[in-house]
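There are 4 protein chains.
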Amino acid sequence: MSDTADSLQGLRQRLAEFAAARDWDQFHSPKNLSMALIAEAAELIEHFQWLSEAQSQSLPPDKINKVRLELADILIYLIRIADKLGVDLAQAAWEKIEMNEQRYPANKVRGDARRASEYD
Amino acid sequence: MSDTADSLQGLRQRLAEFAAARDWDQFHSPKNLSMALIAEAAELIEHFQWLSEAQSQSLPPDKINKVRLELADILIYLIRIADKLGVDLAQAAWEKIEMNEQRYPANKVRGDARRASEYD
Amino acid sequence: MSDTADSLQGLRQRLAEFAAARDWDQFHSPKNLSMALIAEAAELIEHFQWLSEAQSQSLPPDKINKVRLELADILIYLIRIADKLGVDLAQAAWEKIEMNEQRYPANKVRGDARRASEYD
Amino acid sequence: MSDTADSLQGLRQRLAEFAAARDWDQFHSPKNLSMALIAEAAELIEHFQWLSEAQSQSLPPDKINKVRLELADILIYLIRIADKLGVDLAQAAWEKIEMNEQRYPANKVRGDARRASEYD
Numbered sequence: 001m002s003d004t005a006d007s008l009q010g011l012r013q014r015l016a017e018f019a020a021a022r023d024w025d026q027f028h029s030p031k032n033l034s035m036a037l038i039a040e041a042a043e044l045i046e047h048f049q050w051l052s053e054a055q056s057q058s059l060p061p062d063k064i065n066k067v068r069l070e071l072a073d074i075l076i077y078l079i080r081i082a083d084k085l086g087v088d089l090a091q092a093a094w095e096k097i098e099m100n101e102q103r104y105p106a107n108k109v110r111g112d113a114r115r116a117s118e119y120d
Numbered sequence: 121m122s123d124t125a126d127s128l129q130g131l132r133q134r135l136a137e138f139a140a141a142r143d144w145d146q147f148h149s150p151k152n153l154s155m156a157l158i159a160e161a162a163e164l165i166e167h168f169q170w171l172s173e174a175q176s177q178s179l180p181p182d183k184i185n186k187v188r189l190e191l192a193d194i195l196i197y198l199i200r201i202a203d204k205l206g207v208d209l210a211q212a213a214w215e216k217i218e219m220n221e222q223r224y225p226a227n228k229v230r231g232d233a234r235r236a237s238e239y240d
Numbered sequence: 241m242s243d244t245a246d247s248l249q250g251l252r253q254r255l256a257e258f259a260a261a262r263d264w265d266q267f268h269s270p271k272n273l274s275m276a277l278i279a280e281a282a283e284l285i286e287h288f289q290w291l292s293e294a295q296s297q298s299l300p301p302d303k304i305n306k307v308r309l310e311l312a313d314i315l316i317y318l319i320r321i322a323d324k325l326g327v328d329l330a331q332a333a334w335e336k337i338e339m340n341e342q343r344y345p346a347n348k349v350r351g352d353a354r355r356a357s358e359y360d
Numbered sequence: 361m362s363d364t365a366d367s368l369q370g371l372r373q374r375l376a377e378f379a380a381a382r383d384w385d386q387f388h389s390p391k392n393l394s395m396a397l398i399a400e401a402a403e404l405i406e407h408f409q410w411l412s413e414a415q416s417q418s419l420p421p422d423k424i425n426k427v428r429l430e431l432a433d434i435l436i437y438l439i440r441i442a443d444k445l446g447v448d449l450a451q452a453a454w455e456k457i458e459m460n461e462q463r464y465p466a467n468k469v470r471g472d473a474r475r476a477s478e479y480d
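Chains as they are written, first to last, in my numbering: chain C, 1 to 120; chain B, 121 to 240; chain E, 241 to 360; chain Y, 361 to 480.
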């Protein structure tokens, strides 16, 4: 994949045009978009709710493809909200990873996700 | 921002290393990660639930910064799930945008988000 | 409605029988049920995401009926989780209301939902 | 517990008074309440996201108590939304259970939660 195709800025630009062409910016308040985003996150949840963890790790191909498009929907709304709020999403993620690096020192939380969530 | 910093692949790689260093892959089943993702999406919701749409569009700077880090958390878990399932997130998003382009023709859904959601 | 029909215990008993008749208790871990519950909560969200607050307050009858059944789904899963965990849901709600009474004194938070959420 | 204490109508009435005393009805549009509800559902999710299903079935007492109050929060917002929309929650649940009884015949879906969700 070219650098452009993998870039969040490229998607941000494309999605802004998509909304503008449909005059949908009027609906795309951060409040509304946060609702659309969580609704998509829940469609992801639905794929996994009755599966065991092991089953969720080895989905059949047709299911993978459905899940893949749910992940796309989440990313799409996430990029839209960030754009509406003037947030650089990739920059924010890199910054948050640095914060997590400090907050969850590898030697203290190794093998214990619950300990990590207690720090939250 | 350099192309690398804005790239989803760069973040994917960094997050895989982060989890490996903590031996957290054992907790990172798609099922569990979908739960972590929706929990982060809900933290975003909490920022907006008592605000009007207009207020959600003009957040004060300290609030923007908090929201920014929630958006980062969502992206982080989204990238992790995609990685665990072997999904190329950017490619999926581009494909979904093409599907949406067909599904919601600009001249049919202009100015009507509800009509769009009826097609879902 | 009779006292029984309005009672949470009556629903709890009915739902336990429903699951037992289908041998579904094996899927009804609190973890899985929490996922099913949030998926239903998201279906509720979807009805409102592109509406204004005012529109959400005056839904047309066919929409009310759909929303009504989403609310039922949420209650059903909520009762199931409480049952599985041995929690008396009504008792917990009364207790939480007492806690909220202390936490959000009427004279301090009147007319300000945001102040309330800051206390959370 | 007395019939009244276990009744949804009793809680509905109490919660309406609670909101009125704080002048919070202005914030309690169905749209906003659906956001508050899903945020509480996500707090439930957070308790379970890194636990195995088995662990979620045998929570330690201090954790049960926290989860218990999350369940209460969900019920509280659920009752509020129903009240705002003029929906009788218990009646809706009984009706939905009858629908599910038809939709998921015990002899067809026994032991198979995934089959059930395919019918959704």
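These are computed hints drawn from the structure, not numbers from a lab. Ideal placement from N, C-alpha and C gives every residue a C-beta, glycine not left out. Check before you lean on any hint, since a few could be wrong.
[Said to hold, decoys possible] Beta-carbon label-pair distances, calculated as ranges:
#1 A414/Y / R110/C: 32 to 38 Å
#2 Q373/Y / P345/E: 38 to 44 Å
#3 N227/B / P301/E: 42 to 48 Å
#4 Q417/Y / K183/B: 35 to 41 Å
#5 G206/B / R110/C: 22 to 28 Å
#6 G231/B / I304/E: 21 to 27 Å
[Claimed, not checked] Dumping the calculated PhoX-like pairs for lysine-lysine here, alpha-carbon to alpha-carbon at most 20 Å:
#7 K204/B / K63/C
#8 K426/Y / K444/Y
#9 K63/C / K183/B
#10 K468/Y / K303/E
Hints and how they fare:
1. A414/Y / R110/C: 32 to 38 Å: At 23 Å between Cβs, range violated.
2. Q373/Y / P345/E: 38 to 44 Å: Given about 21 Å between the Cβ atoms, the range is violated.
3. N227/B / P301/E: 42 to 48 Å: 31 Å, violated
4. Q417/Y / K183/B: 35 to 41 Å: Because 39 Å falls inside the window, the suggested range holds.
5. G206/B / R110/C: 22 to 28 Å: Holds: the Cβ-Cβ distance is about 25 Å, inside 22 to 28 Å.
6. G231/B / I304/E: 21 to 27 Å: With a Cβ separation near 25 Å, G231/B and I304/E satisfy 21 to 27 Å, so the hint holds.
7. K204/B / K63/C: Distance ~14 Å between K204/B and K63/C Cα, so the pair holds.
8. K426/Y / K444/Y: 28 Å, violated
9. K63/C / K183/B: 38 Å, violated
10. K468/Y / K303/E: Outside the cut-off at roughly 31 Å; violated.
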